[in-house]
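Build the complex from these two chains, which are given one at a time in their own frames, with help from the hints.
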Amino acid sequence: EAGVTQFPSHSVIEKGQTVTLRCDPISGHDNLYWYRRVMGKEIKFLLHFVKESKQDESGMPNNRFLAERTGGTYSTLKVQPAELEDSGVYFCASSRRGGNTEAFFGQGTRLTVV
Amino acid sequence: DAKTTQPPSMDCAEGRAANLPCNHSTISGNEYVYWYRQIHSQGPQYIIHGLKNNETNEMASLIITEDRKSSTLILPHATLRDTAVYYCIVRSPTDSWGKLQFGAGTQVVVTP
Numbered sequence: 001e002a003g004v005t006q007f008p009s010h011s012v013i014e015k016g017q018t019v020t021l022r023c024d025p026i027s028g029h030d031n032l033y034w035y036r037r038v039m040g041k042e043i044k045f046l047l048h049f050v051k052e053s054k055q056d057e058s059g060m061p062n063n064r065f066l067a068e069r070t071g072g073t074y075s076t077l078k079v080q081p082a083e084l085e086d087s088g089v090y091f092c093a094s095s096r097r098g099g100n101t102e103a104f105f106g107q108g109t110r111l112t113v114v
Numbered sequence: 001d002a003k004t005t006q007p008p009s010m011d012c013a014e015g016r017a018a019n020l021p022c023n024h025s026t027i028s029g030n031e032y033v034y035w036y037r038q039i040h041s042q043g044p045q046y047i048i049h050g051l052k053n054n055e056t057n058e059m060a061s062l063i064i065t066e067d068r069k070s071s072t073l074i075l076p077h078a079t080l081r082d083t084a085v086y087y088c089i090v091r092s093p094t095d096s097w098g099k100l101q102f103g104a105g106t107q108v109v110v111t112p
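Chains as they are written, first to last, in the numbering used here: chain Z, 1 to 114; chain P, 1 to 112.
Honestly, the hints are just simulated from the structure, not real lab data.
Values in this document were obtained by computation on a predicted structure and should not be read as measured data.
Here a beta-carbon is modelled for each residue, glycine too, at the ideal position from N, C-alpha and C.
Incorrect hints may have been included.
Claimed, not checked - Stretch-level coverage of chain P by chain Z, calculated; a stretch enters the list once three of its residues show a Cβ under 8 Å from a Cβ in chain Z: (1) 43-53; (2) 84-97; (3) 102-109.
Said to hold, decoys possible - Computed list of lysine to any residue pairs in SDA-like fashion (alpha-carbon distance at most 20 Å, straight line): (4) Z:K44 / P:Y46; (5) Z:K44 / P:Q107; (6) P:K99 / Z:V50.
This is chain P alone, in the form it adopts within the complex (with noise of 0.2 Å):
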């Protein structure tokens, strides 16, 4: 079963803010939520994680509801080097990265 559940596709306007939302709703108290991006055929990119407390860092934003149900990841100026596949990931920290589930993603198509 998927751990998370994300919007099959979204476009986003050059320049604009893009949200891609993910739920999470069975999520354990350990479990960390994780973002990565596949552009074409290149291989999964890391992005940004978090626990509860929302993050940022050069590539985006983390926004994670207080129940820690669903998150937001939030690419702030997105260009059309944007466009790729974003994948929502619950690890716990124990878990090998080997157990982790991709799931179908988002595809994120940035128009000029």
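This is chain Z alone, in the form it adopts within the complex (with noise of 0.2 Å):
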């Protein structure tokens, strides 16, 4: 069984541009959630899918942040424009249905904004 995996694994961008993180989850997870590693800080959560409905987006720093799942499979987030401060390691996770169930996490995407 694949697990969850992140691509691409690193990015460098000007600021302002625009970049697009994609996740695909374990096949069969319903939930798929984003997390942020700020550098020097803890994971912090940005979002949470059900399927292709965001259940939770409390997380999103702002509105230059837009996820995506369509279909329910695999999930973009793409951050226009990006800003310096948005340097950091983007993960996703995703988990069954079920509440005693584990997430499992994926590699992560480092972005750096120069």
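What follows is the structure, given as structure tokens:
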């Protein structure tokens, strides 16, 4: 069984540009989560999808961030326009439905905005 | 407010058991204790979880005290590849994984 995969693994962009991160969850996992870790800080929640619906987007920092999960499969997180403070590692995780489940994380996308 | 308290760091000799403590004195009756680790900048890796009984899998053992206010993750034979930040997380089955708080974790360094 393939794990959670994220693409790209690294991205370096200039301030003001647009970047799109992709996450492919484990097949059959309805729940998909995005997190971010800024240098030196803790991992912070961004948003949660249940299938294609946004269940909770309370962690999204501002309207420059747009997440989608069309068809309830893979998800994209677009940052437009990128700012310097958006630099960090973006993690995606997925889990099955049900309470007593664990979340499986991808390897993350390291975003550097210069 | 953090639901768990862990020591910031600990060292362990290769081949020895690593015992990682976690305090969760305000844990509720339906909340599970989960352990994850993060090796360098990789994604968090699930290790083990439990409710009140001790649990063991191929990676580790989880010992939960009878009052459930604390627990210990045991890596039976630590290797250099176990060097990582270990996170103890308390979570209710009804909570979204988006609600979890990783906290600062314990930086474990396994030395030769």
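Cross-check of the supplied hints:
1. 43-53: With 5 residues closer than 8 Å to chain Z, the stretch 43-53 of chain P meets the three-residue bar; holds.
2. 84-97: holds (count 5)
3. 102-109: It holds: at least three residues are needed, and the stretch 102-109 of chain P offers 3 whose Cβ sits within less than 8 Å of chain Z.
4. Z:K44 / P:Y46: 17 Å, holds
5. Z:K44 / P:Q107: 18 Å, holds
6. P:K99 / Z:V50: Cα-Cα ~14 Å, so holds.
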